[in-house]
Each structure stands twice: as C-alpha cells, then as structure tokens.
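Peer 1: For chain A, the structure is supplied; the task is to place chains B and C on it using the hints.
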Amino acid sequence: MGIIKARKLKYDYIKYDENGQQQDCYTAVDQVDLDVSQGQFIAILGHNGSGKSTLAKHMNALLIPTEGSIWVDGRDTAAEPELWKIRQKAGMVFQNPDNQIIGTVVEEDVGFGPENMGVPTDAIWERVNKSLEAVGMTAYRHRSPNKLSGGQKQRVAIAGVMAMQPKCIILDEPTAMLDPNGRKEVLKAVHELNEKEGITVILITHYMEEVIDADRVFVMDQGHVVMQGTPREIFSKVEELKSYRLDVPQVTLLAWELKQAGVDLPDGILTTKELVNALCH
Amino acid sequence: MSLRLEHVTYTYNPGTVYEMHALKDVSLDIPDGQFAGIIGHTGSGKSTLIQHFNGLMKPTAGTVYFQDEDIWQEGYSLKRLRSQVGLVFQYPEHQLFEADVLSDVCFGPKNQGLSKEEAELRAVQALRQAGLKEKYYRSSPFELSGGQKRRVAIAGVLAMEPKVLILDEPTAGLDPKGRDEILDQIAFLHEERKITVILVSHSMEDIARYVERILVMNKGEKAFDGVPREVFSHYKELERMGLAAPQITYIMHELKAKGLLADTSAITVDEAKKSILEALEKRKV
Amino acid sequence: MIRDITIGQYYPADSILHRLDPRVKFIGTFLFLVSLFVADSFWGYLLATCFLAGIIALSKVPVKFMLKGLKPLFILLLITVIFNLFLIPGTVVWELGFLKITQEGITQAVKIGIRLVYLVIGSSVMTLTTTPNQLTDGLERIMKPLNKIKVPVHEISMMMSIALRFIPILMEETDKIMKAQMARGADFESGNLIQKAKSLIPLLVPLFISAFRRADDLAMAMEARCYHGGENRTQMKPLVYQGHDYGAYGVTLVYLAAEIVIRTVM
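Chains as they are written, first to last, in the numbering used here: chain A, 1 to 281; chain B, 282 to 566; chain C, 567 to 832.
Worth flagging that the hints you see were computed from the coordinates, not collected in a lab.
Errors might be hidden in some of the hints.
[Claimed, not checked] Only pairs whose alpha carbons sit at most 25 Å apart, straight line, appear in this in silico BS3-like list of lysine-lysine:
1. A:Lys237 - B:Lys458
2. A:Lys15 - B:Lys414
3. B:Lys475 - A:Lys184
4. B:Lys339 - B:Lys444
5. A:Lys259 - B:Lys539
6. C:Lys762 - B:Lys305
7. A:Lys273 - B:Lys565
8. B:Lys339 - C:Lys762
9. A:Lys259 - B:Lys458
10. B:Lys444 - C:Lys762
11. B:Lys305 - A:Lys147
12. C:Lys745 - B:Lys391
13. B:Lys517 - A:Lys184
14. B:Lys475 - B:Lys360
Bound-form chain A, shown alone (with noise of 0.2 Å):
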C-alpha cells in the first residue's frame, strides 16, 4: 500500500445559524480517489476554491472526510484516537510563512515538532542540525524569523517539518506570497528532500512552472479530480486546463499556438530548450 490512499473521499464545509441548525452545506471534495506511492513526487493543481486545500488538509488528518475514507502510511484518519501519530508521518507547510512559525528563534522553531513528540533533548538537537542543513538555513539557526525574508521564512517551515522525520510532506501552495527569487529557493529545497531524503512530496500550488518536474500531476475543478498524468499528458492539453481557470508556462502555450497555426511539433512541449531543439531540426 502506498504512503497515501483515499477512496470515494467527500468533504462537506456546514454552515450552522444561530440556533444550531444547518443552515449551509458546501460540498468541497468529492468522490476522490488517490493513490500516491513513496518517493513520489506529485503537484495538485487547481483554482482558488477548486478544493486542492481541503484536501491537503485530510492528508495529515486536520479534516476527516464526511465520506469515504483517506489511509496515511496505512492508517485510517477516521479510526485513529491519537492523531499527532498520524501528523509526524504526514508534515505539513502552510502558505502564509508568518502564520506558522512558532518560535521566536530559527533553531528553537525547527525543534517545536520534535519536542511535542516527545524525543529525547539530544535527538532533538541532532534532528535540528541535520534539517537546517537540509534546507541550507544553518548559517541562519540563531536569527530571529522575523527578520529573513519569505522564502527563508518557507525554507524554516520545512525543516521544522523535516525535524519531525516524516515520510510525506505536503504543501500547501507555499509559494503564494513569495516573490520569484523566494519561490525558486523553495522548490529547491523541497526537490532535493524528495531526490536525497526520498521523501514523499506533494505539491499544491496554482504555479503552472512548479509541475513540469513532478512525477505525476492531479487537476481538480469543484472537488473532483478532473485530469491526472504526467505533466507533459496534462500540458498538451490546453483548452481543458483553461476551462479549469488554469493557463499552462509560457513556452507550452506558444507550442500549442504554434502546432495551432501548422507547425509540426511534439505535443505537451515543457521547456524552452525543448522548444527550440524542436523548431531547429
């Protein structure tokens, strides 16, 4: 079984009046089904309210589905009493970098997670070593947060996840409200966990440039995931990810435009030396 598995997964947000009694209910995942092996590396994309967030969220046990069932690392969320158990093997990066940092020093922040699981002082101290490094934030451990900017902020995030020895890390669109330098920074430091930790990655994000490494891509549009492949089976597809509010990177769209008005090229083109080896032969 793999690290992630969910069957007929359905969320309801309900919306109680005054009273108590249900006033509202909004559907905002439905019927999904995902399987995602270890080591793997895979982007959820989707607009804003398509439902990629509330997802993520029942992959480290915060929400627990209305319906169906989400297994972690073998575990149902549903049956499970203790679910920080559930949570060290699935860590979580949020979007907003100054709505999760903790501590008011960088080390004591990526230690938050170990302390809460209860490990020994000493581990703790070499967990926190070994995921500064990882994230390349070492020379940074004795800052104040508050003084590095947002993709260091994001870059701390992650190794206080990593701090936790997880198998899985989510990520909640995490370069929303970086600017593209910090935005680089990120993905970087989150493609070498996944190729040197082999840990499992899953990346939620509207930034149609962060998918093209991903192993596998799922789309989703009003809770349902409505197309799933490799990026370059999701890119050749133009027109339906714009019917899902999404475009696809620069050098795709002029691919498509290009093959469009008769050019003979490749389908799902992803890079621009891609590109350009194809319009050159």
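Peer 2: Below, chains B and C without anything else, positioned relative to chain A:
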C-alpha cells in the same frame, strides 16, 4: 507631466547605525494616461517609491510634483492628492472593515466630503468597473472569495475617481484566471477612463503583456527606464539584479543563437508566434 | 523600521550574567529587591551599592542602558520623593507657608529614592541580560509547582512566547493598514477625541480580523506539528543548573545575609 520626481532620496533612520538608503537620487516623470510598470526584487525600493507618489512618505531630499505642484509645499492638501493619486496596496482585501461591500467602498468618497447618496453612486460605479456582480453589493465583504474581496478593495480606491491609479502586486495569490480578469479590467479602465496606471509586479509576463513603459528599480536606484522590449533586451543585467525577462525573451534569444531568427524583440506569446511563423516561412523559401 | 524594535530590552553580549540560568536571575532579582527593604542604614545602602555595581560590571552592559530604564519612571520617582520630603512629620528644618521639610522627611525621601532607583536598575539588569524567550522559559519552570493547583503553567508560557513572536508582526501590520486607509483619505490626526476614536475603526477592525486569522492559521500549524498540550513534551533547551548558577545563588544569599546582619547589628 502628471507625476514627477526630482532627485528624490529617502533614508531610513538617518544619522544612526541603522541608516539605510531606500531611494537614491531618483528622478522620473510619468505623463498623463501612461500605463507604466515598476519591477525590482524585494527590497529594491519600489514600495518606498510608490508611497512617495501619493505623499504617504516624505522624501529626505528632493521634490515630488503632481501636476507641476510641489506636494510638500506649505498649504498643499495631501488629502486631495491622495484622492487623485489612488494607491492599492498589496493584499488590499486586508483593509476591508465595513459590514457590507457598498459601505466599504463608500469610505473613500465619504472622506472626500461627498454626501451619502453621491458616495453610493460612486461606489456602485466603482464596483461595476472592478467587475463585481451586483448581487454581492449588500453582502459582508468577509463572506466573499479571495478574488471578489480583492475587487471590492480595488473598487474602494476607484470610487475616489483618481486620475492616477497605482497598484502594488494586484494579482498576488490569485489563480491564473483571476489574475487575467483583474489585469484585463485594469487595462480596460486605462483605455476607457484614460487614467494613468502604475503597475508594480513580480511577473514579467504580466508586465510584458500590459505596460507601455518599464521602470526597473535596483538597490534604491532607477536601473532602467524604457519600453518593454528595450528593457527586456538587457535580460542578462536584469538577472544580475535578481530579476528575469519573460520566458519568451529567452526562447527568442536561443532561437537566434541557433540561427532561426534575427529579431529577438518579441516579448509576448502572440508576438513570438508571429515572428517564428515568419521565420519558418522564410526558411522554407 | 518598525521591525527593528526589540521587545523587552535585551542587550546581546557574552558575559557570565548572560549565561546564567534565567531562574537564577529571577530569584536573584527578587532577593535583591528584598535586600533593598532590609537595608536601612548608611552601611546597608553602601553594601547594596557595591553589590549592584559589581553586577553591572559583570553584565558587560553599558551603564547608559541601565539608566535608560529610569527615564520613563522619572516623574513617578520625583513625585514619590517630593511627597516623602514634605509630608513626613518631625523636626522642622525649613519652612515656607504651609510647606515644611523635616529631618525625618529628608531621610525618608533619600531612602525611598535610592530604593526605587536600585529596584529599577536591578530589574533592568535581568531584562537586559536575558532574552524574552529565556524569561518565559524561566518563568514556566519557576511556576511549575502551581500546576498542582490547576494553573495552566505550560499554556501561559506558550501564550507569552507566541505573543512575543507576533507583536512585531502585528505592529508592522498596523502600519500597513494605517497607510492603506490614509490612501483612501482617512485622517487619524485631526478632530476631537470622539472623532479620533471613531477614525480608529477602519484601523482596528481589519487589525482584529487579521489577528484572528493569524491565530487560526497558527493553531492549525501547531496541530500539524503534533502539538497536543504540555503532556509528554520534551524540551530542546531544558533548564539545567550549572556550577556557576549555584555559585550565583551562593553569592546572592551571602549578600542578603550580610544585609540582615548589618540591619540587626546597627
């Protein structure tokens, strides 16, 4: 000559160990009706710069003119200036505070001294311009989606009927469709109402698509100032400043290196498509 | 910029005082305060002065930083001293109309003045040499026995450290919202008190909303990182007394004993 800066310098904590020059001798002018873009990486001074345009920050040295009047001269009304030079901050939805959308948008016009009726008239018009559906006018701004909130906040500035509209990263955090919708709306306003628009963005693709002039800020100084294709031709220097050119620029330069193209000036997908098709046509012949 | 304001007034330096366990500094400061009320004679105050001077020298913090702490209290100090000076009955040494200065009044005013100044400087030494974080840690450990009477000690200290982290963020946010509203023509300066209070609504509402949103996000982030209260929690930087901590306790106790001896003998 609508907005003009002459030798503007801004220094944080002058005379202390924390002294930092956010702007160094910046001179520029933005004529009426221009659609200008400002780029620069975080900390390059672009936020400080735009706050000088509407008098939220006072230059340490130098002069700021709006319609040929020094905005820091004795007796100049900054309040009036701010209603003519509208500034939409990053994540503007964080400043919403009223119980319903319409009242929130009325805040600006009311501060201008308009009556309730006039203010509401302005608000309705501004909300329409910002592209918010009428059914939301009476709902709480906090119940709207992120994109809708953003429109309400932009309408809050539009309702003051500014002659100049400055937007700091108006599309941050929006999805691709939401981003295009907002930018198209702004471009439409620029066309329709002939207002000056100054767009600050990290997205070179957006800048390339909409603006007619780019100002590049680097370490508090104006590094480049020109039409987009000219500025992006310096893509190597831009990279050294922690910036980049649109992806298209890179494609065009690589194609030139391979001998397919001669002209690398295209910066949008449409332009690139046109010049590649032409080049392929020539190659056939 | 607003971000550079340090909360508390920690002065980074590498001194024996900086390295002391925060609990020692807390209890030591408390004992010093007690000693100020024990001291009642010239010799008692002399000893206290020497002790304080010694501590300041050890702390490697410039004296002007210590004196800075007195500035905001200057008025309070002045009032206390003047009250004592004029209102204590006894042998009159100077008189003008209904104002009388007595022998006893002078003595009392000097004593109170010295006590207050030393009290402020003594506590400044603690805050200047201890990071806010160490302070909360120390406080948590000292208050731990209160857990038995159901005081949520861990939660209180967690709240304090989160507050320390978010105060600068919220200050910056205040600045941002204020500017955004000013760009929409808001005026925070002119008008009478009621108008001024009213003009704060466009600032306070967004600020509260933002604080709640942040709190919500933070709670989720903490849960995601396995936070489940103080139970079974280990510490990355547990407080363990070292040799110099016991030494510091010893020195402080000897000093307090000396003050008591001086008081009983004199």
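Peer 1: Against the earlier hints, flag every one the structure doesn't satisfy and list their numbers going up.
Peer 2: 3, 6, 10
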